[in-house]
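So the chains spell out like this:
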Amino acid sequence: MVALVRPRMDAAAAATRDQTPNGGNPGIRVRDLTLRFGAQTVFENLSFEISGGEFVALLGSSGVGKSSLLKIIAGLADATAGSVIGTDGLPIPGRIAYMGQQDLLYPWLTVMQNVTLGARLRREPVDRPWAEHLLERVGLSTRQKALPAALSGGMRQRAAIARTLYERQPIVLMDEPFSALDAITRAMVQDLAAELLADRTVLLITHDPLEACRLGHHLMVLSGHPARLGEPFTVPGQPPRAPDDPAVLTSQGHLLRLLVEASR
Amino acid sequence: MTAGRTLRLGRGGRGLLIFVGLILIWWGLTLLFRVPSYMLPTPDRVAVALWNGRGYLAHNALITICEIMLGLGFGLLLGASLALAMMFSPLFQRWMMPVLVVSQAIPVFALAPLLVLWFGFGLASKVIMAMLVIFFPVTASFFDGLRRTETGWIDLAKTMRASPYAQLRHVRLVAALPAFGSGLRVAAAVAPIGAVIGEWVGSASGLGYVMLNSNARMQTDVCFAALFLLSLMAVFLWQLVDILLRRILYWVPDASHPAGRSA
Chain A
1 MVALVRPRMD AAAAATRDQT PNGGNPGIRV RDLTLRFGAQ TVFENLSFEI
51 SGGEFVALLG SSGVGKSSLL KIIAGLADAT AGSVIGTDGL PIPGRIAYMG
101 QQDLLYPWLT VMQNVTLGAR LRREPVDRPW AEHLLERVGL STRQKALPAA
151 LSGGMRQRAA IARTLYERQP IVLMDEPFSA LDAITRAMVQ DLAAELLADR
201 TVLLITHDPL EACRLGHHLM VLSGHPARLG EPFTVPGQPP RAPDDPAVLT
251 SQGHLLRLLV EASR
Chain B
1 MTAGRTLRLG RGGRGLLIFV GLILIWWGLT LLFRVPSYML PTPDRVAVAL
51 WNGRGYLAHN ALITICEIML GLGFGLLLGA SLALAMMFSP LFQRWMMPVL
101 VVSQAIPVFA LAPLLVLWFG FGLASKVIMA MLVIFFPVTA SFFDGLRRTE
151 TGWIDLAKTM RASPYAQLRH VRLVAALPAF GSGLRVAAAV APIGAVIGEW
201 VGSASGLGYV MLNSNARMQT DVCFAALFLL SLMAVFLWQL VDILLRRILY
251 WVPDASHPAG RSA
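Protein chains in written order, with our numbering: chain A, 1 to 264; chain B, 1 to 263.
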């Protein structure tokens, strides 16, 4: 299996290396970020740093401002005050790949067209071998010409992962991308995402403690009104951790208790 | 079982069945109540009138078709442009929306004499009349579609560094097509009305003129022949739009028939 696809994989892997040299990915530095809507303060003076190549999971109950935070980092929304910048001192927008709450596949495009969407939007030539390689990695080689409506939820999410990776961006921002999947599919897609996103700087927003404990190098909890960040938190072992890993289970329980207490 | 068999007739077959059925009912009624032919002619008389007046009717039908198609073309253009302009400029939208609503509050019948006065007895007044009834449903539904683009799709395009033009061309416009389609369906249904009203009020040709003229001379069979051609045109136009939309909106689940695609 591997031998069959080796030539193409080597080319693709080389391409990835050129774009994102190992360990050279920039991190994210957030300083004194404040967001207010009128009189309501969503969060205030939020500061944290994600080192390059780290996978950080940010947990919080719904409505706490997680998605707003992600949109500000992505440059899709403006903060009231504060700054977001790469650890290399350069701005973040333009260097991110984004996965939203839904898979956000365009229903009128085929799987292949969806994966290569960025090229079409930027009027660049489509890198077909790269896209084919990615579709192979996510197990959708045979469904290139299918429309999203013909795919299952898990397949759609895998196509979205391929589209995210097609962008070859050093930073990946994910907003509860797997929350709509059933438990089994979710576990499988999480493994795939962890494998394919290794070395990237990832900020994953989730309200699922298990997901955070399985995938994150570090975890952060956002809670309260206005929201504050709790102490960063590390689960022992390398992600993706097994769902029955005792450390994962202990941390998951601990986190769930923290979240419930914070919501009271 | 019977339902299944009817479905298998297909759309053409069912249409034909309805057509034949209606003619038979009409025939039966005229025979049963001995309606004088100047009030309701029998279908065979209408068929004869259709054949005898074929040159005259075809000529006038062609003119009405021209009016409808031109009205549809310009109406769609105007409707789509207004929707786009309203999307780009909220200021324009705030000032334009009341004007549009008022334009629809005035009955076209009331406007028709004025339009004939301003634009003459010829094609122009009818095309404008058709345009007036067509553009509003197109503007309203297309604007709605443009406004309701899934924000996630736009956000995704933005993170991919899509220019505002690319966002419009590849996301907003395509996403608004189903809404545009429903506007187009309404437009296709009302387009013949606009043209024929224009012809009734003042013209020297067209199917509306034929109907008015033959009615005045008690040639009810010719009037019915013209009416028949007009309905035929309306049905064909509807079918044309339907086929076109199904092809463009291949990605919308069951674009026009919620009951299923087998229909």
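Note that these hints are calculated values from the structure, not bench results.
Treat the hints with care, as some may be off.
Across the chosen pairs, the derived CB separations fall in these ranges [stated by the list, open to error]:
| hint | chain 1 | residue 1 | chain 2 | residue 2 | range |
| --- | --- | --- | --- | --- | --- |
| 1 | B | S163 | A | P129 | 22 to 30 angstroms |
| 2 | B | R147 | A | D191 | 34 to 42 angstroms |
| 3 | B | W238 | A | H207 | 31 to 39 angstroms |
| 4 | A | P236 | B | R94 | 58 to 66 angstroms |
| 5 | B | S163 | A | D191 | 47 to 55 angstroms |
Just so it is clear, CB atoms sit at the ideal spot from N, CA and C, and this is done for glycine as well.
Checked hints:
1. Between B:S163 and A:P129 the Cβ separation comes to about 26 angstroms, which falls inside the hinted range of 22 to 30 angstroms.
2. Checked against the given bound of 34 to 42 angstroms, the beta carbons of B:R147 and A:D191, roughly 40 angstroms apart, stay inside it.
3. A beta carbon spacing of about 49 angstroms between B:W238 and A:H207 contradicts the range 31 to 39 angstroms that was offered as a hint.
4. Judged by the Cβ atoms, the range 58 to 66 angstroms given for A:P236 and B:R94 holds: they are separated by roughly 59 angstroms.
5. A hinted range of 47 to 55 angstroms for the beta carbons of B:S163 and A:D191 is inconsistent with their spacing of about 36 angstroms.
Hints 3 and 5, counting from the list given before, are not met by this structure.
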